[in-house]
Amino acid sequence: MLATVLVSGIIALCGPAMHLFGQQSSLADAAGSFSYGLIPGLFPYYAFKVFTKYLQTQNNLAPSVIIGIIANGLNALFNWGLIFKAGMGLQGAPWATTLTRAAEFLLIGAYMLLRKNKLKETWPRVKRENLQYTAMKPFLKLALSGALSITFEGTLRS
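Mapped onto the working numbering, the consecutive letters of the sequence shown carry residue numbers 1 to 158.
A portion of the hints provided could be inaccurate.
[Unchecked claim] Each pair of labels, with its calculated beta carbon distance range:
1) GLY68 to GLN132: 33 to 39 angstroms
2) LEU13 to SER149: 17 to 23 angstroms
3) THR134 to GLY87: 34 to 40 angstroms
4) LYS127 to GLY89: 49 to 55 angstroms
5) PHE84 to PRO124: 41 to 47 angstroms
6) VAL126 to ALA62: 25 to 31 angstroms
7) LEU114 to SER149: 25 to 31 angstroms
[Stated by the list, open to error] For lysine to any residue, the following SDA-like pairs were computed, each having C-alpha atoms within a straight-line distance of at most 20 angstroms:
8) LYS85 to LEU74
9) LYS118 to LEU55
10) LYS85 to THR98
11) LYS53 to ALA102
12) LYS53 to PHE34
13) LYS116 to THR52
14) LYS137 to ALA147
15) LYS53 to SER145
16) LYS141 to ALA71
17) LYS53 to ALA147
18) LYS141 to LEU131
19) LYS127 to ALA143
20) LYS85 to ILE69
21) LYS120 to TYR54
22) LYS127 to PHE139
23) LYS53 to GLU129
24) LYS85 to PHE34
25) LYS53 to LYS116
26) LYS53 to ALA103
27) LYS53 to ASN117
28) LYS53 to TRP123
29) LYS53 to PHE43
30) LYS120 to ALA110
31) LYS118 to GLY73
32) LYS116 to VAL126
33) LYS85 to LEU99
34) LYS141 to VAL5
35) LYS141 to LEU74
36) LYS120 to ASN59
37) LYS116 to LEU61
38) LYS137 to LYS118
39) LYS53 to LEU113
40) LYS127 to LEU99
Note that these hints are calculated values from the structure, not bench results. No residue lacks a Cβ here, since even glycine has one placed at the ideal position from N, Cα and C.
Work out the full structure, taking the sequences as your base and the hints as a guide.
Next comes the structure, spelled out in structure tokens:
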């Protein structure tokens with residue numbers, strides 16, 4: 001969740017940063033507006049990635065692959081619908097991506113709900129002692145590098 005807030009702030013600065021670095025005003029404004037449309041899709045994107053990693057640790061790869069294939073089709077459909085049919089042009093593309101990310105999150109969430117009895121034994125439990133800094137430090141080291149990796153991957157895809 002914290003990564004989503006941080007990345008949202010970075011993405012929100014895309015337009016102003018492009019102005020700062022001397023890009024054409026029309027291009028910087030369009031890129032900034034495009035970037036704003038991606039922000040609502042960040043939380044579902046990160047949540048999908050977390051659930052995918054959880055399933056991968058269970059040697060359960062098929063749901064993520066199938067959802068990825070479905071998501072590609074949905075993304076093409078959403079882009080076509082929003083860019084051309086709804087007449088949104090460039091502004092339709094980030095919203096199509098956001099809708100696709102939300103669909104991925106909903107699909108993997110539905111899968112996990114349907115399989116909750118099978119996944120129940122490995123689902124993490126929240127305990128007070130696990131939230132102390134000494135217990136969290138090793139996790140935070142790994143989480144930070146993983147979050148940065150996913151952030152850059154998501155940024156390069158968008």
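A quick look at each hint next to the structure:
Evaluation of the 33 to 39 angstroms hint for GLY68 and GLN132 yields a pass: the beta carbon distance comes to about 37 angstroms. In this structure the hint that LEU13 and SER149 lie 17 to 23 angstroms apart at CB holds, the actual value being about 21 angstroms. Our hint of 34 to 40 angstroms for THR134 and GLY87 is violated, since their Cβ atoms are close to 56 angstroms apart. Separated by about 50 angstroms at the C-beta atoms, LYS127 and GLY89 satisfy the suggested range of 49 to 55 angstroms.
A hinted range of 41 to 47 angstroms for the beta carbons of PHE84 and PRO124 is consistent with their spacing of about 43 angstroms. Restraint check, VAL126 to ALA62: a C-beta distance of roughly 28 angstroms satisfies the suggested window 25 to 31 angstroms. For LEU114 paired with SER149, a C-beta distance near 29 angstroms keeps the hint of 25 to 31 angstroms intact. This hinted pair checks out: LYS85 and LEU74 have alpha carbons roughly 15 angstroms apart, not beyond 20 angstroms.
A hinted pair counts as satisfied when its Cα atoms are at most 20 angstroms apart, and LYS118 with LEU55 qualifies at roughly 11 angstroms. For the given pair, LYS85 sits about 17 angstroms from THR98 by alpha-carbon distance, which is consistent with the 20 angstroms threshold. For the proposed pair LYS53 and ALA102, the alpha carbon gap of about 17 angstroms is at most 20 angstroms, so the pair holds. Using a Cα cut-off of 20 angstroms, the hinted pair LYS53 and PHE34 is violated, with the two alpha carbons roughly 28 angstroms apart.
Taken as a hint, the LYS116 and THR52 pair is honoured in the structure, with Cα atoms around 15 angstroms apart against an allowance of 20 angstroms. Between the alpha carbons of LYS137 and ALA147 the distance comes to roughly 15 angstroms, so the proposed pair stays at or under 20 angstroms and holds. Our distance criterion of 20 angstroms between C-alpha atoms is met by LYS53 and SER145, whose separation comes to about 14 angstroms. For a cut-off of 20 angstroms, the pair hint linking LYS141 to ALA71 is broken: about 31 angstroms separates their Cα positions.
In summary, the hint linking LYS53 to ALA147 is supported, as the alpha carbons are separated by about 12 angstroms, within the 20 angstroms threshold. Proximity of LYS141 to LEU131 is assessed by CA-CA distance (about 15 angstroms); at most 20 angstroms being required, the pair is judged to hold. Of the pairs offered as hints, the one joining LYS127 and ALA143 holds, with about 19 angstroms between alpha carbons and a cut-off of 20 angstroms not exceeded. Between the alpha carbons of LYS85 and ILE69 the distance comes to roughly 23 angstroms, so the proposed pair goes past 20 angstroms and is violated.
Between LYS120 and TYR54 the CA atoms are separated by roughly 12 angstroms; this keeps the pair inside 20 angstroms, and the hint holds. Distance hint between LYS127 and PHE139 is fulfilled; the C-alpha atoms sit about 15 angstroms from each other, no more than 20 angstroms. Between the alpha carbons of LYS53 and GLU129 the distance comes to roughly 24 angstroms, so the proposed pair goes past 20 angstroms and is violated. Restraint check: the Cα-Cα separation between LYS85 and PHE34 comes to about 18 angstroms, which is no more than 20 angstroms; the hinted pair holds.
With a C-alpha separation of about 16 angstroms, the suggested pair LYS53 and LYS116 falls inside the 20 angstroms cut-off, and the hint holds. A C-alpha spacing of about 17 angstroms is found between LYS53 and ALA103, which places the hinted pair at or below 20 angstroms, so the restraint holds. A hinted pair counts as satisfied when its Cα atoms are at most 20 angstroms apart, and LYS53 with ASN117 qualifies at roughly 18 angstroms. The straight-line distance between the Cα atoms of LYS53 and TRP123 is roughly 12 angstroms, inside the 20 angstroms bound, and the hint therefore holds.
Our distance criterion of 20 angstroms between C-alpha atoms is met by LYS53 and PHE43, whose separation comes to about 15 angstroms. Distance hint between LYS120 and ALA110 is fulfilled; the C-alpha atoms sit about 15 angstroms from each other, no more than 20 angstroms. For the proposed pair LYS118 and GLY73, the alpha carbon gap of about 29 angstroms is over 20 angstroms, so the pair is violated. Simply put, LYS116 and VAL126 have alpha-carbon atoms about 17 angstroms apart, close enough for the 20 angstroms limit, and the pair holds.
Only pairs whose Cα atoms come within 20 angstroms are accepted, and LYS85 paired with LEU99 is accepted, the gap being roughly 16 angstroms. For the proposed pair LYS141 and VAL5, the alpha carbon gap of about 19 angstroms is at most 20 angstroms, so the pair holds. Restraint check: the Cα-Cα separation between LYS141 and LEU74 comes to about 35 angstroms, which exceeds 20 angstroms; the hinted pair is violated. For the hint pairing LYS120 with ASN59, the CA-to-CA distance comes to about 15 angstroms; that is within 20 angstroms, so the pair holds.
Proximity of LYS116 to LEU61 is assessed by CA-CA distance (about 16 angstroms); at most 20 angstroms being required, the pair is judged to hold. Note on LYS137 and LYS118: the hinted pairing is violated, with a Cα-Cα distance of about 30 angstroms set against a maximum of 20 angstroms. A threshold of 20 angstroms between alpha carbons decides the hint, and for LYS53 with LEU113 the separation of about 16 angstroms falls inside it, so the pair holds. Distance hint between LYS127 and LEU99 is unfulfilled; the C-alpha atoms sit about 34 angstroms from each other, more than 20 angstroms.
Comparing the model with each numbered hint stated earlier shows that hints 3, 12, 16, 20, 23, 31, 35, 38, 40 do not hold.
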